[in-house]
Amino acid sequence: MKPSSRPRYYGVLAEFESPAALVAAARATHEAGYRKYDAYSPFPIEELADAMHDHKNPISKIVFFAGLTGACVGFGMQAYANLIHYPMNIAGRPLYAWPMFIPITFECTVAFAAFTGVLAMLALNGLPRPHHPLFDVPSFSQATQSRFFLCIESDDPKFDLEGVRKFLEGLKPMEIHDVENH
Amino acid sequence: MPASNEFEPSVSPTSRLPVIGPGHTYASINEKISALVLLRGTTLGWLVGFGIAFMIFMMMLGSISYLLYKGVGVWGINNRVGWGFDIINFVWWIGIGHAGTLISAILLLLHQKWRTSINRFAEAMTLFAVACAGLFPVLHLGRPWYAYFLFPYPNTMGMYFPQFRSPLEWDVFAVSTYASVSLVFWYVGLIPDLATLRDRARSWLAKTVYGFFSLGWRGSARHWHRYESIYLLLAGLSTPLVLSVHTIVSFDFAVSIIPGWHATFFPPYFVAGAIYAGFAMVLTLAIPVRWVYGLEDFITDKHLENMGLITLVTGNMVGYAYIMELFYGWYSANEYEQFMVHNRVLGPYWALYVALIVCNIIAPQFLWARRIRRNAWWLFGISMFVSVGMWLERYVIIVVSLHRTFLPSGWGTYAGTFWDWTLYIGTMGFFLTLLFLFIRLLPIISMSEMQMLLPGASGAPQKGEAKP
Chain U
24 MKPSSRPRYY
34 GVLAEFESPA
44 ALVAAARATH
54 EAGYRKYDAY
64 SPFPIEELAD
74 AMHDHKNPIS
84 KIVFFAGLTG
94 ACVGFGMQAY
104 ANLIHYPMNI
114 AGRPLYAWPM
124 FIPITFECTV
134 AFAAFTGVLA
144 MLALNGLPRP
154 HHPLFDVPSF
164 SQATQSRFFL
174 CIESDDPKFD
184 LEGVRKFLEG
194 LKPMEIHDVE
204 NH
Chain H
264 MPASNEFEPS
274 VSPTSRLPVI
284 GPGHTYASIN
294 EKISALVLLR
304 GTTLGWLVGF
314 GIAFMIFMMM
324 LGSISYLLYK
334 GVGVWGINNR
344 VGWGFDIINF
354 VWWIGIGHAG
364 TLISAILLLL
374 HQKWRTSINR
384 FAEAMTLFAV
394 ACAGLFPVLH
404 LGRPWYAYFL
414 FPYPNTMGMY
424 FPQFRSPLEW
434 DVFAVSTYAS
444 VSLVFWYVGL
454 IPDLATLRDR
464 ARSWLAKTVY
474 GFFSLGWRGS
484 ARHWHRYESI
494 YLLLAGLSTP
504 LVLSVHTIVS
514 FDFAVSIIPG
524 WHATFFPPYF
534 VAGAIYAGFA
544 MVLTLAIPVR
554 WVYGLEDFIT
564 DKHLENMGLI
574 TLVTGNMVGY
584 AYIMELFYGW
594 YSANEYEQFM
604 VHNRVLGPYW
614 ALYVALIVCN
624 IIAPQFLWAR
634 RIRRNAWWLF
644 GISMFVSVGM
654 WLERYVIIVV
664 SLHRTFLPSG
674 WGTYAGTFWD
684 WTLYIGTMGF
694 FLTLLFLFIR
704 LLPIISMSEM
714 QMLLPGASGA
724 PQKGEAKP
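Order-wise, the sequence lines are chains U and H.
In short: position in the first sequence from 1, add 23, done, that's my numbering.
In short: position in the second sequence from 1, add 263, done, that's my numbering.
It should be emphasised that the hints constitute simulated quantities derived from the structure, not laboratory data.
Check the hints yourself; a few may be wrong.
Unchecked claim - With a straight-line Cα cutoff of 25 Å, these simulated DMTMM-like cross-link-like pairs (lysine to aspartate or glutamate) come out: (1) H:333 <-> H:560; (2) H:470 <-> U:159; (3) H:470 <-> U:203; (4) U:189 <-> U:201; (5) H:295 <-> U:40; (6) U:84 <-> U:185; (7) H:470 <-> H:600; (8) U:79 <-> U:203.
To be verified - Stretches of chain U that chain H covers, calculated by requiring three or more beta carbons in the stretch to come under 8 Å of a beta carbon on chain H: (9) 42–54; (10) 76–89; (11) 123–129; (12) 138–148; (13) 155–169.
Note that beta-carbon positions come from the ideal geometry of N, C-alpha and C, so glycine has one too.
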């Protein structure tokens, strides 16, 4: 990667002691007009989505339509096999025996919905992504353990290094780190 | 509504016994659980346990090798009883697996916080039990190398599809969907914990391997948001899935016309039996693990008591089903059904029927006493009885119904052979081998979910802030 094509800093990272402090900081950051920022915590924090105004979540819609597709594929496959591809007369029983198709239709619904949903979650989250500039901050390893972080990113239109540092200092974090792009 | 609202992260003040021991912080939960994997190392006890399990697993491979060399004739199955140990063991194992999904999915949807510390473990149990279960029908095919015939695929024979109007084909779809969705559910739950292990590991190898499987998870709030909604949706999908799997397993019997099988109450009866056997197995495994690894703070007496209660309730449902089986046989006014009931209770296999009643109906009645429900070793003993009883139940349903059906000229008897037993016991070794590896290599309790049980984890401001 050419160093010149990207800004030197990924953002500024502030470290907090408790979920409540992180939620307060995220709320203040949003109110100050920053939009490109993210919070990091070892477990999901209920209040954070509200504080960050992060309400868009297409996962449930994706899962619904994947399930619908699965149902159509499952039922269609069985109807096609029994009616068109290889009609088999077994003692005069009806070929279009739809009650017999329900179990497999259901299983296909669940399989499509579950796998599509998980892949969509990973894709929307941009994972797998083995490396990230934040991993270069030594104390960031605590983000999966017992500390809470907030990072204002440099592609935010309001970002200027000094201003962001000052703003974050005002939120009374335990520590502040500059995150460099590599 | 954001999905995160569906989780209740704090300990409810009204619960009588705590779901987590006192004095824990975010860091202490993390340290204690990850230390089991990263710091404890390979102990002598683990090696001995793993070694024994591995030897039994090798016996299973030996038994399968001989089976493939000679054919299914080495088993006890005959013209009368065409399904013997293979389907008994298949139903037994898959029933055991169902408790894992019940704990991880249904109890999540019902906001049962006590599920948190046992769900990872129970889900692993599900996966390993389904792996054992899947072996039996495939080996029973006789030519297991043609097992792919069971799936629809384009081929030169011009028959792209299997026979979809057969319950055995439904089983193929149900069990393969169940196994793969359970695996994905388990893995999604593991991702944040694998990231924790990546960040705590000291050795290069552990960092790399855990780093690879954690997919670069960094705990971003925007990621958590989507993560929680898919986790909840997976729970919502797994709930009807687990019920459908055992319903379809019961259709293998109920759709036929064999006396004793052809009954409409089979699906709920089988599902209750599956949950009953599964909770007994969770108790059988969780009690020694909690004791060996000192996890009394996380798997508390409340967990044991609740599991005991579920065992008692489902045990009584199964008991009700046994009584209804006798009633249906009599009420059907059908001489074959009536003979089946007579033959089940007083025929050549009467001793198994009595043992079944003792294990499955009488043994769990001790759980009415709170003192016994809260005593780990009593629970352990009762759960052993239940595991044996549930195996006997399938034996009685399958063998006793098949060995004397409509024409007396076709009557016969059945017994498992040496190769039946080595395969059955061998799968227990397979199961335990996987379980020992799981305990050694992965966190057996979900760290991120345990942290959510602490007060203050919801992020709402409060007076006594949890110390980091």
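| request: Return the numbers of the hints above that this structure violates; sort them in rising order. | output: 1, 6, 7, 8
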